[in-house]
Each structure stands twice: as structure tokens, then as C-alpha cells.
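Engineer: Take the sequences, apply the hints, and build the full model.
The primary structure of each chain is shown beneath.
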Amino acid sequence: DTGVSQDPRHKITKRGQNVTFRCDPISEHNRLYWYRQTLGQGPEFLTYFQNEAQLEKSRLLSDRFSAERPKGSFSTLEIQRTEQGDSAMYLCASSLERKAFFGQGTRLTVV
Amino acid sequence: QQQVKQSPQSLIVQKGGIPIINCAYENTAFDYFPWYQQFPGKGPALLIAIRPDVSEKKEGRFTISFNKSAKQFSLHIMDSQPGDSATYFCAASLSSGSARQLTFGSGTQLTVLP
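Going line by line, the protein sequences match chains A and B.
Residue numbering for the first sequence follows this note's numbering, beginning at 1 and increasing consecutively.
Residue numbering for the second sequence follows this note's numbering, beginning at 112 and increasing consecutively.
Just so you know, the hints here were simulated from the structure itself, not pulled from any lab data.
Among these hints, one or two may not hold up.
Claimed, not checked - Taking lysine-lysine and the DSS-like style, the derived pairs with C-alpha atoms no more than 30 Å apart in a straight line are:
#1 B:K168 with B:K182
#2 B:K116 with A:K99
#3 B:K179 with A:K57
#4 B:K153 with A:K11
#5 B:K153 with A:K99
#6 B:K182 with A:K57
#7 B:K168 with A:K99
#8 A:K99 with B:K182
#9 A:K99 with B:K169
#10 A:K57 with B:K153
#11 B:K116 with B:K179
#12 A:K71 with B:K153
The structure presented is a predicted model; accordingly, all values stated were derived computationally and were not measured.
Structural biologist: Here it is, written out as C-alpha cells:
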């Protein structure tokens, strides 16, 4: 499977804990995006990398959120001190030019 | 500020019908307009996309119609099948500069009855 891969698929955590998600993009894609999707809504942009450089961050990305893409390959999204409002599907997408391809997402539930 | 407005929120058609989903955008700088299909528990899958220099694009049973002056675009699904039952999202983005992220509509839940 050469698509976008996300791990884990599901994560249940207690409020206040830290969580980290991983995204492996399509290998030749230089652009990588993180989105958040809540039930019944469209995905909302969080942050964008071109190679290893983080070029855009949404105002949705509070100080508790941090993302990295070392060496321009895989990316991680960390949420510190999770809150119940962080419960959502976290989607990763990658692209080379215009077409963006999404992974299956990580479903986060904060209890 | 919601920059891409999508309607209807839900749609039910009979098998073989032609559901139409509409979107309107505000940012005239947008120059790339894709549609995504999403099944429950899965990530969005790219269906078809259009640029504003084209008024219509067809791929298989899916057609996008684009009206630049009205800042509107729509998705038509020909000969719809029960397997097309899913949530459909329109989106828009810039294709140059650093801000290339997609801005999504709120989604249309389509049900195709057998």
C-alpha cells in the first residue's frame, strides 16, 4: 500500500495526558498537511509542511499542539495536556502538486 | 468566517437519480476546487477537481460544473448507485504561495436508495 499511512487508528486517553500521532506520507510527496475533523463537519486545517519546514499554522493550533517533520519524511503531531474538546479525527494528507491524498485518520477520544 | 458554503446538508435519491450538491466560495483568489468522498471511519478520498478556467469537467459518472462569475460550483453524480452513499465535501485552495491548504465545505450526506 503506497498511500498515506497514519498510526494509531484509534486512541483513547485520559484528560491531561499527552498523545502523539504519526503520519507517513506518499514517498515522493514534499507537502504534508494536518487537519482535524469533528463529527458532521468538514476537515479543518491545522498545519502544513513543505519538506521539513513548517510553513503555515492555523489559529486552531493552540500552544498545546506541536508538529514536526524531521528530514522531510514522516510527521508527528503531539497534543499536550489533552482536553475533552480535543476529541476528533486527526487527518494527515500529502501532495506533490495540487492533488492532496488523505490517510485513514486517527480517532482521538479524551475521557 | 466560513469561506466555502455547501448545500444541501443531506440528500436522498433513488438509484439511477442524479444528485446535485452545490458550493459557493468567497475568496476570489481560490483557483483549485476538488470534491472528496468520505465513508464512515475513513479518510476523505479525492473524486474530481476543477480549475476556474474550465466550466465543466467529467470523470466517469461524476461531473463538476463551475460558474466563476457567481463563485459557485456543483457536483453531479450520474446514474447514482447505493454504493455512492457517503458524505461529499467540496473544497477550495490556492495553487501558489505558501498557503495551499484546503478549505472545506461542511459536507453533504448522500443516501442512494436501492
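Engineer: Are K179 (chain B) and K57 (chain A) close enough, with their CA atoms no more than 30 Å apart?
Structural biologist: holds (29 Å)
Engineer: Between K116 (chain B) and K179 (chain B), is the straight-line Cα distance small enough, at 30 Å or below?
Structural biologist: holds (15 Å)
Engineer: Does the structure keep K99 (chain A) and K182 (chain B) at a Cα separation of 30 Å or less?
Structural biologist: Satisfied, since the Cα-Cα distance of roughly 21 Å is no more than 30 Å.
Engineer: Please verify whether K168 (chain B) and K182 (chain B) have alpha carbons no more than 30 Å apart.
Structural biologist: Holds - the C-alpha atoms of K182 (chain B) and K168 (chain B) are around 16 Å apart, at most 30 Å.
Engineer: K153 (chain B) and K99 (chain A) were given as a pair; does the straight-line alpha-carbon distance stay at or below 30 Å?
Structural biologist: Satisfied, since the Cα-Cα distance of roughly 18 Å is no more than 30 Å.
Engineer: Given the proposed pairing of K116 (chain B) with K99 (chain A), does the C-alpha separation stay at or below 30 Å?
Structural biologist: Judged against 30 Å, a Cα distance of about 21 Å means the pair holds.
Engineer: Verify the proposed pairing of K182 (chain B) with K57 (chain A), using a straight-line Cα cut of 30 Å.
Structural biologist: holds (26 Å)
Engineer: Are the Cα atoms of K168 (chain B) and K99 (chain A) separated by 30 Å or less?
Structural biologist: It holds: about 16 Å lies between the C-alpha atoms, which stays within 30 Å.
Engineer: Tell me if the straight-line CA distance from K57 (chain A) to K153 (chain B) falls inside 30 Å.
Structural biologist: holds (24 Å)
Engineer: Taking only the CA atoms, is the gap from K153 (chain B) to K11 (chain A) under or equal to 30 Å?
Structural biologist: holds (15 Å)
Engineer: CA of K99 (chain A) to CA of K169 (chain B), is that 30 Å or under?
Structural biologist: holds (17 Å)
Engineer: Taken at face value, is the distance from the CA of K153 (chain B) to the CA of K71 (chain A) at most 30 Å?
Structural biologist: With a Cα-Cα distance of about 28 Å, the restraint between K71 (chain A) and K153 (chain B) holds, given a limit of 30 Å.
Violated hints are absent here; each numbered hint is respected by the structure.
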